[in-house]
Amino acid sequence: MPDSSRALVVAIDRDLCMGSGMCVMYAGNTFAVDEQTKAVIVDAAGDPEEQILTAVEACPTGALSVVGTGAAT
Amino acid sequence: MGPTKPMLDLERVRKVFDLSSNYLVATGGNYRDDPYPVWHELRAQAPVQAGKVHELAGITEDFFFHGLPEPDRPHFSAFSWDACQAIYRDDATFSSSPVAVDIKGGEAGVTNSLLSMGGSEHRRYRGLVQSSFGPARARWWIENWIEATVHALIDCFVERGTAELNVEFCAAIPVLTITSSFGVPVEQALDIRESLSRPDEILRILQPIVAARRDQPQDDLISVLVQSELTDEEGRAQRLTDAEILSFSLLLLAAGSGTTWKQMGITLAALLRRPARLQAVRDDRNLLKAAIEESVRWAPTDPMFSRWVTEDVDFFGVRLPEGSVMHICLAAANRDPQRWDHPDEFDLARPIRPHLAFGSGPHVCIGQHVARAEMSVAIAALLDRLPGLRLDPEGEPPALVGYYERGATAIPVVFG
Ligand code: HEM
Ligand code: SF4
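If you read the sequences in order, they're chains A and B. Read in the working numbering, the first sequence has 33 at position 33, and its numbers run on one by one without any break. Throughout, the working numbering is defined as the position within the second sequence, counted from one, plus 73.
Please keep in mind that the hints were generated in silico from the structure rather than gathered at the bench. Here the structure is a predicted model, which is why all the values come from computation and not from measurement. Some clues are possibly wrong.
[As the list claims (entries may be wrong)] Some but not every residue of chain A turned toward chain B, in silico, with C-beta under 7 Å:
1) Leu16
2) Gly19
3) Val33
4) Thr61
5) Ala63
Yeah, the Cβ is synthetic: ideal placement off N, Cα and C, and Gly gets one too.
Let the sequences and hints guide you as you build the complete structure.
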């Protein structure tokens with residue numbers, strides 16, 4: 001299990017997010033799409049860090065950004 | 074329906090989906106070479122260049138696709154990962170249409186749709202169906218339409234020991250998936266596909282279904298469309314008109330059937346021509362995801378989409394005048410050596426990273442999760458049900474052909 005005390009802190013800009021679901025496809029234990037078709041974080045350390053960074057890069061509208069590392073909750 | 078009776082008239086499928094037929098020859102269906110070596114050269118020369126992709130590659134024939142021919146505008150093409158990605162992400166400078174979309178008043182057609190919209194209008198329209206296409210909905214598509222279609226098609230040839238997978242299988246799955254999600258019976262699926270350039274005909278087929286779903290919605294995509302409400306700039310919610318439903322339908326039919334067919338054929342051809350890799354996937358089904366991601370990176374069926382430049386701008390050292398067309402050679406970006414090691418190799422061990430086969434930016438492919446579901450369910454079912462599946466040693470091995478719409482030639486296989 002990834003160590004959640006040192007998880008990446010990812011911010012979601014809900015205005016930019018258009019619900020593409022691409023973050024879910026690259027890091028499906030970390031991101032989900034809610035009933036408003038916007039991304040949410042379900043577990044900040046749900047996937048290995050590398051996969052979370054891949055998801056951030058994959059976001060087609062740049063709605064995801066890493067804002068630091070640290071205690072996630 | 075008897076198990077060995079074809080679900081579709083295969084002669085008609087062959088005609089509608091033959092890359093070198095009248096339908097597709099205009100996009101470069103007769104092109105037989107490997108376009109990638111020249112794209113590598115062009116990218117190495119300069120990431121952004123004046124000219125159309127095929128012209129820069131030395132092809133003198135006129136090919137047509139998104140953003141072509143546009144004879145009265147300057148043309149530019151982008152070949153590197155960084156340039157293509159930058160264009161996709163900047164939809165203010167690089168717009169999906171030179172003019173505003175007019176669904177209600179304009180002529181019905183594939184591009185008179187959300188494909189060509191921008192900004193908040195695009196978001197509002199796309200938002201109506203986005204949730205039906207999310208990864209969480211993949212099971213809905215699989216259980217309602219994909220699985221049944223895949224198995225019914227395999228039933229048609231499983232006893233025979235041979236098949237031509239490109240037409241008998243790959244071409245049929247996406248068109249049947251999307252038309253059945255619209256409530257169109259199998260017998261009419263090909264009428265629809267053949268009528269893409271005759272919107273009146275499609276409207277004639279869809280209108281009774283739309284009326285029936287308005288009365289009594291069902292658990293399908295057309296019901297999602299008739300029930301959804303579009304909120305205008307003033308916040309007023311209104312049900313979609315017939316013209317708006319037709320626009321959605323034309324776009325989904327055009328964007329969702331040919332693409333997934335060709336990409337599935339490319340994936341199968343790549344695996345069947347590499348028996349050790351096919352065996353690896355057969356032994357470890359987790360590798361199927363890698364195979365599909367690698368197929369779309371390595372040989373995306375639509376290698377180029379285009380944008381219209383909204384203001385004079387300097388871009389990667391090139392001056393782009395307002396009104397120019399920018400062609401995004403996403404297939405070249407997908408093999409940029411700056412981003413991928415040994416980019417020309419079809420390599421299942423490569424780390425899965427974002428590519429541009431489904432585009433990017435706000436117009437990123439809405440059907441990508443459905444396309445992935447179709448390809449993975451279909452290929453897994455072939456491996457499960459056809460032991461020893463391999464290319465027919467007597468047949469011509471499949472090649473990849475076409476320019477702006479790439480796909481495999483016939484895929485003759487034997488099994489059992
Ligand atoms: C492997 C198969 C597929 C590939 C390679 C593919 C590729 C693409 C690409 C590159 C774009 C962006 C076009 C642009 O940049 O202007 C796109 C858009 C689109 N695709 Fe796909 N596609 C596939 C399957 C599907 C399926 C199955 C559907 C629907 C069921 C679909 C529906 C759409 C729609 C509606 C758009 C326009 C989205 C918008 O403008 O907001 N596609 N596709
Ligand atoms: S990838 Fe970006 S746009 Fe898509 S759901 Fe995730 S945050 Fe939203």
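### Query
Can we keep the A:Ala63 interface hint, with Cβ of chain B closer than 7 Å?
Violated: closest Cβ of chain B sits about 10 Å from A:Ala63, beyond 7 Å.
#### Entry: Residue hint A:Val33, partner chain B, criterion CB-CB below 7 Å
Nearest chain B Cβ about 5 Å off; hint holds.
### Query
Against chain B, is A:Leu16 within 7 Å by beta-carbon distance?
With a closest approach of 9 Å, the A:Leu16 hint is violated.
#### Entry: Supplied contact hint for A:Gly19, tested at 7 Å Cβ to chain B
holds (5 Å)
### Message
Would the hint on A:Thr61 be counted as holding, given a Cβ-Cβ threshold of 7 Å to chain B?
### Response
Nearest chain B Cβ about 6 Å off; hint holds.
In the structure shown, a violation is registered for the earlier hints numbered 1 and 5, in ascending order.
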